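Student: Sequence:
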Amino acid sequence: MEGDEGNRDQSSREEWTLLFWTTLAVVVPVIITLWCSVQRSKRKIHMKDFFRKSKHGWHCTDLFNKPTYCCVCQQHILQGAVCDCCGVCADETCLRRADRSLVCKEIMAPSRTDGTLAHRWVRGNVPLCSVCAVCKEQCGNQPKLCDFRCVWCQTTVHDDCKPSLSDGERCELGEFRSLIIPPHYLHHVNKLRRRHPDEYSKLASACGSGWTPVLVLANTRSGNNMGEALLGEFRTILNPVQVFDLSELPPSKALQLCTLLPPGSVRVLVCGGDGTVGWVLDAIDTMKLKGQDQFIPRVMILPLGTGNDLSNSLGWGSGYAGEIPVEQVLRNILEAEVVKMDRWKVQVASKGLYFRKPKVLSMNNYFSVGPDALMALNFHTHREKTPSFFSSRIINKLELDGERVALPSLEGIIVCNIGYWGGGCRLWEGMGDEPYPPTRLDDGLLEVVGVFGSFHCAQIQVKMANPVRLGQAHTVRLVLKTSRMPMQVDGEPWAQGPCTITITHKTQAFMLYHSAEQTDDDDDESSTSEAESSAPHDSPKPAGPASARA
1 MEGDEGNRDQ
11 SSREEWTLLF
21 WTTLAVVVPV
31 IITLWCSVQR
41 SKRKIHMKDF
51 FRKSKHGWHC
61 TDLFNKPTYC
71 CVCQQHILQG
81 AVCDCCGVCA
91 DETCLRRADR
101 SLVCKEIMAP
111 SRTDGTLAHR
121 WVRGNVPLCS
131 VCAVCKEQCG
141 NQPKLCDFRC
151 VWCQTTVHDD
161 CKPSLSDGER
171 CELGEFRSLI
181 IPPHYLHHVN
191 KLRRRHPDEY
201 SKLASACGSG
211 WTPVLVLANT
221 RSGNNMGEAL
231 LGEFRTILNP
241 VQVFDLSELP
251 PSKALQLCTL
261 LPPGSVRVLV
271 CGGDGTVGWV
281 LDAIDTMKLK
291 GQDQFIPRVM
301 ILPLGTGNDL
311 SNSLGWGSGY
321 AGEIPVEQVL
331 RNILEAEVVK
341 MDRWKVQVAS
351 KGLYFRKPKV
361 LSMNNYFSVG
371 PDALMALNFH
381 THREKTPSFF
391 SSRIINKLEL
401 DGERVALPSL
411 EGIIVCNIGY
421 WGGGCRLWEG
431 MGDEPYPPTR
441 LDDGLLEVVG
451 VFGSFHCAQI
461 QVKMANPVRL
471 GQAHTVRLVL
481 KTSRMPMQVD
491 GEPWAQGPCT
501 ITITHKTQAF
511 MLYHSAEQTD
521 DDDDESSTSE
531 AESSAPHDSP
541 KPAGPASARA
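Okay, so the sequence shown: first residue is 1 according to this note's numbering, each after it adds one.
Quick caveat, the hints were computed from the structure, so don't treat them as lab data. Predicted model, so just to flag it, every value in this text is computed and none were measured. Where is the CB? At the ideal position from N, CA and C, for every residue including glycine. Some hints here could point you the wrong way.
Unchecked claim - Simulated DEER-style distance windows between Cβ atoms:
| no. | residue 1 | residue 2 | range |
| --- | --- | --- | --- |
| 1 | S111 | P358 | 50 to 58 Å |
| 2 | E228 | K66 | 51 to 59 Å |
| 3 | T23 | P250 | 52 to 60 Å |
Start from the sequences and build out the full structure, keeping to the hints where you can.
Tutor: Shown next as structure tokens:
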């Protein structure tokens, strides 16, 4: 008996020991993980506050994508922080010292006594495959912090070759001098007693002929989160004051920099989707209302995300995923031509709500009601619950330039301003044996087509069918009788009850057109016709057999 009790006590002690160590093995890692998480959060908040107060544009990285050396201690580092304005790198222990002792690229500074800009050198971490401006040999190929790069003109030079530079310390701003706002220009503008466009033009003469400064407006929420990386690359090449993050500053405020530059000289690069472009164009319209017409910029698009029909229509492609460097993007700005693009006002007056102001939206691409908008609104569940949603005609009346158009039994109407629809489909021109003239951006005409259903939309997108061409018009008016219908303007969908929709011309925007390359899914002939159709001239667009005026 005593032996059995001893065995049970021994077994019990072993069970409790096993339970203790098992609990310890589970709880201790959890406690350590929680503690590390709290410390990481505190560190993140602390670093964020430090970055906010710093004059550098610091960004932390867990792993540099090339051999990198700390600009303070000169040691090789795998992680740390880099300034995307001047390129200074530092590990975390040297970060505060680097912030105090190493000056960043200045957005506003006086020029030298001879009116020129001096090189602003940063030592080490030069771009890969850099070439020395003196001996023409490769720079930065030694395993240490070595050689110099100018943060303005991007010139690289060996340590030993630097005293032999032919231009001494004079900086010409490099290849993109005509796009960069020099720091001494803003310094002189700040000193002006009378801020007038004539004064800006006088100051611009010192920046060289053909000076067309560019502003970069990027939506960091567009596409595959490329916006933030693009901001850093553009800040490296341009003056940081020219680069704006639209998640932090709206375009209406960013565009006020145009009023400090010579009238008609500014170009704006919008990095984002069609919605971001519309946001910027609305801000430009606001400038017109303020009487700032002379400062209106020309707009270029760098498409992020998917779709991007406006960008495709202007020759910039349907999406950017880093396939060309930002240097080539800036070269494209220099080579682009200016075209005019119509913008339209969409007014939605709900039936029975006579005392409520109509809903007013701006349209650049297209307006649609029916299956096309249903896909944008993701009404699939609603459609399954209500199979008769599209069983009867939804358009009670369609008028083009005041003339009523007889309609077949359609499920949807699409009103287009540009050549592309649905992520790269030429909706109006179509395919097969029905040739139609290409659309234009600046003729004040809209193309109106109908679709029989969502399957018909899919057939059009894969080039197996054509839409029902209803006509072209300066003004479009639709009357809807259905109790609840999906509709969209430029990809922004909503559900709408019975209403009257009126689309009229609003204004024109100055856009930059790229004709050097084909747009997506086009052959040489269609690319040529698109370039010809987008060039502004006085001849009207051929109405074709489906014209509303026929």
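Student: Could you run down the list of hints and mark each one as holding or not?
Tutor: To see whether the hints hold, each was checked on the structure:
no. : hint                       : result
1   : S111 with P358: 50 to 58 Å : holds (54 Å)
2   : E228 with K66: 51 to 59 Å  : violated (19 Å)
3   : T23 with P250: 52 to 60 Å  : holds (54 Å)
Hint 2 from the list above is the single one not met by this structure.
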